[in-house]
Amino acid sequence: MEIAISTKNLTKYYGKNRGVIDLTFQVYKGEVFGFLGPNGAGKTTTTRLLLDFMHPSSGSAEIFSLDSHQKSTQIKEFIGYLPGELHLYDSMTGNDFLAFMASFRKGVDWTFVFNLASRLKADLKIQIRKLSHGNKQKIGLITAFMHKPKILILDEPTMGLDPLMQQEFYKLVNEVCDQGTTFFVSSHNLPEVERICDRVGIIREGRLVVVEDIANLRKRALRPLEVHFAKPIESKDFEKIAGVKDISIQNSILRCTVVGSLDSFIKQLAKYEVVNLISAEPNLEEIFLAFYKQEEKV
Amino acid sequence: MGNIVLHQLKTQRKSLFFWSLGIVVLVALYILIYPSIQESSAALNAYLENLPDAIKAFVGDVSSYTTPVGYITSELFVFMMPLLLIIFTTGFGSGAIAGEEEKGTLDLLLTNPIERSQVVKEKFIAMIILASLLTAVASLALIIGSALADMGLETQKIVAMVLSVDLLAIAFGSIALFLGALTGNRGVSLGITAALAIGSFFLNALSPLVDFLKDYQKFSPFYHYIGENPLEVGLKIDHVLILGGIAFVFLILSLIAFEKRDLKI
Chain Y
1 MEIAISTKNL TKYYGKNRGV IDLTFQVYKG EVFGFLGPNG AGKTTTTRLL
51 LDFMHPSSGS AEIFSLDSHQ KSTQIKEFIG YLPGELHLYD SMTGNDFLAF
101 MASFRKGVDW TFVFNLASRL KADLKIQIRK LSHGNKQKIG LITAFMHKPK
151 ILILDEPTMG LDPLMQQEFY KLVNEVCDQG TTFFVSSHNL PEVERICDRV
201 GIIREGRLVV VEDIANLRKR ALRPLEVHFA KPIESKDFEK IAGVKDISIQ
251 NSILRCTVVG SLDSFIKQLA KYEVVNLISA EPNLEEIFLA FYKQEEKV
Chain D
1 MGNIVLHQLK TQRKSLFFWS LGIVVLVALY ILIYPSIQES SAALNAYLEN
51 LPDAIKAFVG DVSSYTTPVG YITSELFVFM MPLLLIIFTT GFGSGAIAGE
101 EEKGTLDLLL TNPIERSQVV KEKFIAMIIL ASLLTAVASL ALIIGSALAD
151 MGLETQKIVA MVLSVDLLAI AFGSIALFLG ALTGNRGVSL GITAALAIGS
201 FFLNALSPLV DFLKDYQKFS PFYHYIGENP LEVGLKIDHV LILGGIAFVF
251 LILSLIAFEK RDLKI
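First to last, the sequence lines map onto chains Y and D.
Per my numbering, the first sequence runs over residues 1 to 298.
Per my numbering, the second sequence runs over residues 1 to 265.
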């Protein structure tokens, strides 16, 4: 498989402070690679190293075999980028801004651009300063996609988008990916990564903890659940079910964490009258701990 | 090529309009006052002669204050014009890189397939164009004003004077550009450049009076701007080369500083 992004012992320190340490990973052409970690873990540092906004303290990164620092201008010909903290020229309209950005590139297809805008329901005629955060984000996304880049580096792409637009964005990623485009998506949002990514690298405190297929990650996923029953229940009814842990019961409310498949848990639930089922977003920190425990065992 | 220059000119067009308006009003005001100055020239001359030397230094050549050349030099070019234009170029220069970096817009700009040096060069060119447009407005206002008020200023000398102030402002703008490119901090760049401008203004004004400063007057860009008054003697090539040289050196330093640095988040 052709390698789109490859880093080798990529390290960045800010003075004495850690940015990222010893990152070595590959992203294959045509895959959606998720870069998952809590805020401050080094995701943004990594994307900014790839874009040559900062230079590595040691190690290197290559994009389609071109050194990210030496050949950055050449690389940017085929990169689309959405920064985590998006700032546009406030006094311009969306149209003016896109035209300005397009003026640096050859052959931007405006039919495609306007199609993107209408899919994302972006208003390009309004001055950018008057747009909400989510609507600015749409213009950022169009900017990243508009020249049909070979690689898209997106830092927290759905931040501020409403759920409908998030779905539209996921669809867009699928379509563009089918055409052979590679994605590097940094996110602290596990469900999002699960939804769109093929593989995921998990970063914690500047170090890459693991690179996994999404399918394997799902097997280890921890889901905090809360079930409201019609009648009080007892904990022994759930203790013996595979993958269920951290059980606590308050009258008719059960709280627990389910590891991996939900199947046997759901089948047990079916024996009772369930009033409500609440699934919280899995805590990233818990997933990391799960990985660490496994590594220790090995 | 040139996209960023065009972008700058477009985004600055409103501010450019108001700056031009301000300059025209300023020139017009001083020209309107001139006839009354001339009427009371005898009294004024006597008064000026008795001023302490330190004050005289900031008026310019007091012996010629009531002549058109002396009046325009003292009122407009010793202080006001350079002040206004340096504020303009220093504001632009410090914001060129550091301002965009602080606002966060530099990220998207540099996502495009352009060298960092391209951004610096185009911003520099935009600064020259904008400052030159403002000084062109000033010279037009002076040429027309001088004709209407019958002051008899030579067009060529007006152009020389205005070019000189243009060069001075561009020199300080380049210093601001460099400090912004080096530090990524607009405030630091503005502050240091303003301090340098004020320092070199006083160095030039006071060095003829203060013994230990005498040998250092030539280190002040203000000396090369107006030490030999272009409104009287025209532009001298050595002064032009020095002011242009300062701008060029700081452009090169800006390119080097910005190329090596990590961008701030």
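Just so you know, the hints here were simulated from the structure itself, not pulled from any lab data.
Hints may contain errors.
What the hints assert, rightly or not - Residues from chain D that keep clear of chain Y, each with C-beta distances beyond 10 Å, as calculated:
no.	residue
1	L9
2	A42
3	K103
4	L153
5	A160
6	G187
7	F222
8	I242
9	I265
Unchecked claim - Here are the computed lysine-lysine pairs in the DSS-like style, where the Cα-Cα straight-line distance is at most 25 Å:
no.	chain 1	residue 1	chain 2	residue 2
10	D	K264	Y	K16
11	Y	K8	D	K264
12	D	K214	Y	K16
To be verified - Pair ranges (Cβ atoms, derived):
no.	chain 1	residue 1	chain 2	residue 2	range
13	Y	G107	D	K103	23 to 31 Å
14	D	K214	Y	R129	48 to 56 Å
15	D	E259	Y	R129	25 to 33 Å
16	D	K264	Y	S279	34 to 42 Å
17	D	E232	Y	K130	20 to 28 Å
By construction, the Cβ of each residue, glycine as well, lies at the ideal position given by its N, Cα and C atoms.
Hint check:
For D:L9, the non-interface assignment is confirmed: its Cβ lies about 12 Å from the closest Cβ of chain Y, beyond the 10 Å cut-off. No Cβ of chain Y comes within 10 Å of the Cβ of D:A42; the nearest lies about 54 Å off, and the non-interface call holds. At roughly 6 Å, the least C-beta separation between D:K103 and chain Y is not larger than 10 Å, which violates its mark as non-interface. Non-interface call for D:L153 relative to chain Y: holds, since the shortest CB-CB distance, roughly 39 Å, exceeds 10 Å.
No Cβ of chain Y approaches the Cβ of D:A160 within 10 Å, the least distance being about 37 Å, so the stated non-interface status holds. Against chain Y, the non-interface label of D:G187 holds: every CB pair exceeds 10 Å, the least being about 18 Å. Every CB of chain Y lies more than 10 Å from the CB of D:F222, the least distance being 35 Å, so the non-interface label holds. Residue placement check: D:I242 keeps its beta carbon more than 10 Å from all beta carbons of chain Y (closest about 35 Å).
Annotated as non-interface, D:I265 brings its C-beta within 10 Å of a C-beta of chain Y; the closest such distance is 7 Å. Between D:K264 and Y:K16 the alpha-carbon distance is near 16 Å, which keeps this suggested pair within the 25 Å criterion. A distance of roughly 23 Å separates the Cα atoms of Y:K8 and D:K264; the hinted pair therefore holds under the 25 Å criterion. Restraint check for D:K214 and Y:K16: not satisfied, since their Cα atoms lie roughly 47 Å apart, outside the 25 Å limit.
The hinted range of 23 to 31 Å is satisfied by Y:G107 and D:K103, whose Cβ atoms lie roughly 29 Å apart. In this structure the supplied range 48 to 56 Å holds for D:K214 paired with Y:R129, their Cβ-Cβ distance being about 53 Å. Remark: the range hint 25 to 33 Å for D:E259 to Y:R129 is upheld by a beta-carbon distance near 32 Å. Checked against the given bound of 34 to 42 Å, the beta carbons of D:K264 and Y:S279, roughly 40 Å apart, stay inside it.
The supplied range of 20 to 28 Å is broken by D:E232 and Y:K130, whose beta-carbon atoms lie about 53 Å from each other.
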